[in-house]
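**Q** As a plain string of letters, each chain reads:
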Amino acid sequence: MEILKIDKVRKSFGGLTAISDVTFSVEEKEIFGIAGPNGSGKSTLFNMISGFFKYEGNIYFINDKLNKLKPNEICKKGIARVFQGQMLFSSMNVYENIKVGSLFGLNKPTSNVSHVVDEVIKITGLEKVKEKKTNMVGLFEQKLTMIATALATKPMILLLDEPTGGLAPGEEKKLSDIIKLINDECGLTILIIEHRMKVLSDLCKRLMILENGICICLGSPETVGKDENVCRVYLGEPYACSG
Amino acid sequence: MKLSKELSLLLLIHVVLLFMPILFNNNIAFINILIICLIYGIVTGAWDLLIGFSGVFSFGAIAFFVVGAYASAVSTNYFILSPWYGMVIGGCFTAIIAIIISLACLRIKGAYVALLTFAFHLLLEQVLRSELGIRIGTGGAQGITKIIPISILGYEFSKLNVILPFYTTLILSFVIYCSIYFVINSKTGIAFNAIRDNEELAISLGISEIKFKIIVFAMSGFITGLIGGYYAHYVGVLSTRLLGLDMFLLVLISLIVGGSGIFPGSIIGTFIIYMISEYLNIAGVYRLVIFGVLVIIFCRFLPDGLMGLIYRCINRYSLNYKKHNSIGKPLEAQK
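Line by line, the protein sequences give chains B and Z.
Using the working numbering, read the first sequence as starting at 170 and increasing by one per residue.
Using the working numbering, read the second sequence as starting at 263 and increasing by one per residue.
Quick caveat, the hints were computed from the structure, so don't treat them as lab data.
Watch out, some of these pointers could steer you wrong.
[Unchecked claim] Within a straight-line C-alpha distance of at most 16 Å, the following computed EDC-like cross-link-like pairs (lysine to aspartate or glutamate) qualify:
1. Z/K449 - B/E265
2. B/K349 - B/D371
3. Z/K371 - Z/E462
4. Z/K473 - B/E242
Turn these sequences into a full structure, and let the hints steer you where they fit.
**A** And the structure:
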């Protein structure tokens with residue numbers, strides 16, 4: 170079943186076209202990868218799905234149009250977004266950060282907030298640091314807290330924007346295991362923006378490459394890796410022909 | 263129920279104040295200063311709700327205070343109402359004005375909110391002094407000289423008997439500070455904090471920033487307007503001089519020194535700053551220099567104010583205490 174359908178969306182900032190006529194759909198319980206060079210419009214796409222940017226074209230979540238909704242309403246519908254970099258509530262500790270997600274993001278809140286928080290902490294393995302302030306924990310734990318906060322809103326779709334950015338290789342592996350776990354056990358559909366192809370090919374069955382706001386290739390990691398256009402974008406013209 | 267350290271500190275302050283009239287042998291001048299301190303303390307507390315807990319840099323607190331005071335005085339004079347109704351009218355009217363201002367503030371951020379609210383502050387003085395203001399009953403530049411005094415169970419507030427007004431103000435202050443405490447620890451308070459810390463993230467987690475910004479403005483406006491009405495009926499005269507920089511700076515400095523966003527820093531800051539300002543009259547113009555230096559010192563070395571310092575001391579003490587216990591025990595066992 171198609172859970173998210175992006176239909177000919179277009180976004181421009183003044184004269185610069187950031188996204189032009191991108192169309193794709195995401196199946197339920199799929200991990201869908203998005204990659205592309207800097208400035209190709211990956212984060213813009215996420216900003217559009219999560220309601221931060223207005224755009225032309227349509228985005229459907231199951232059968233509902235998302236165009237007119239505000240970010241907080243989209244969150245309540247069941248699309249949670251994890252930002253790039255470190256976006257946390259600095260005056261709160263890890264537990265309280267996650268609690269904010271479940272207090273406001275759940276559609277029917279109040280009753281089982283602490284239950285949801287405990288569950289999410291268990292999945293992400295943050296038990297040891299839950300009492301610490303967010304600026305006192307390492308980058309890996311910060312990234313996990315961001316994911317946990319988004320998970321606490323009980324979403325159906327999770328948008329991850331460069332979750333492994335700045336992490337050491339060991340941590341990168343741990344994080345992709347957790348992402349797999351979230352996908353398997355909680356049955357979440359995940360859209361992931363990533364620069365590291367190893368992580369992407371490990372996680373996703375389908376992958377989309379954006380360049381200058383245009384989808385240049387969409388398919389399994391193997392086909393994308395052999396695609397001439399993708400080689401040209403990533404390696405430059407001379408290498409494209411040699412494959 | 264276990265009292266949190268914030269609430270016990272608040273209780274402690276009010277219990278100490280409870281004995282002040284006895285300690286100072288009913289010194290009318292001093293008790294009067296304490297009453298004004300308590301009133302300003304509430305204004306600071308309500309302002310802190312905006313600046314400290316929600317990160318909205320509103321500079322409209324004194325304007326709200328004056329709106330509440332005038333609304334209460336004018337309405338009670340016009341309809342011959344009890345001052346208590348006047349206070350509620352003042353609070354509600356100010357809340358409505360605050361909501362209108364919050365709607366204008368939704369699309370702007372940071373310093374621009376300060377500019378907009380301060381523009382309201384400056385505008386208010388002109389409106390109150392204008393022809394329109396005189397027609398409503400603000401008395402123009404002279405202000406209102408006759409305001410119905412508050413009376414409880416037949417006892418009227420007067421300048422000579424300060425005990426009744428003092429305890430009434432104390433109860434009012436305690437009730438309002440408690441409600442502020444419960445608001446900031448409720449779900450609404452968490453939303454305020456989340457918006458202050460990271461607005462974008464807060465929105466992405468389902469918090470409607472529009473709703474909560476309107477709520478915080480309405481709350482702060484209601485409390486400030488209510489206490490403005492109380493002030494008008496207690497003092498008995500009102501003029502636009504309240505809108506001068508004196509009170510504005512006093513409350514702002516109190517917030518910085520007490521510690522904004524740290525409960526109950528605002529009340530402690532107000533007491534310290536107001537006492538200094540009252541008893542440094544000898545220093546004349548240098549008083550403002552002293553305040554300036556104080557603000558610079560606090561901004562540079564104690565950005566979380568006196569309250570932050572106190573809590574850090576408490577935390578360190580309890581940490582040391584724990585360390586001693588855990589290290590101490592095995593040593594004793596060895597002996």
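**Q** Next pair to validate is Z/K449 with B/E265; report whether the Cα-Cα distance is within 16 Å.
**A** Holds - the C-alpha atoms of B/E265 and Z/K449 are around 12 Å apart, at most 16 Å.
**Q** Within a Cα-Cα threshold of 16 Å, do Z/K473 and B/E242 meet the stated pairing?
**A** At roughly 13 Å apart (the allowed maximum being 16 Å), B/E242 and Z/K473 satisfy the hint.
**Q** For the pair supplied as a hint, Z/K371 and Z/E462, confirm whether the alpha-carbon distance does not exceed 16 Å.
**A** holds (13 Å)
**Q** Has the given pair, B/K349 with B/D371, been kept, meaning a C-alpha gap of at most 16 Å?
**A** holds (10 Å)
In the structure shown, no violation is registered for any of the earlier numbered hints.
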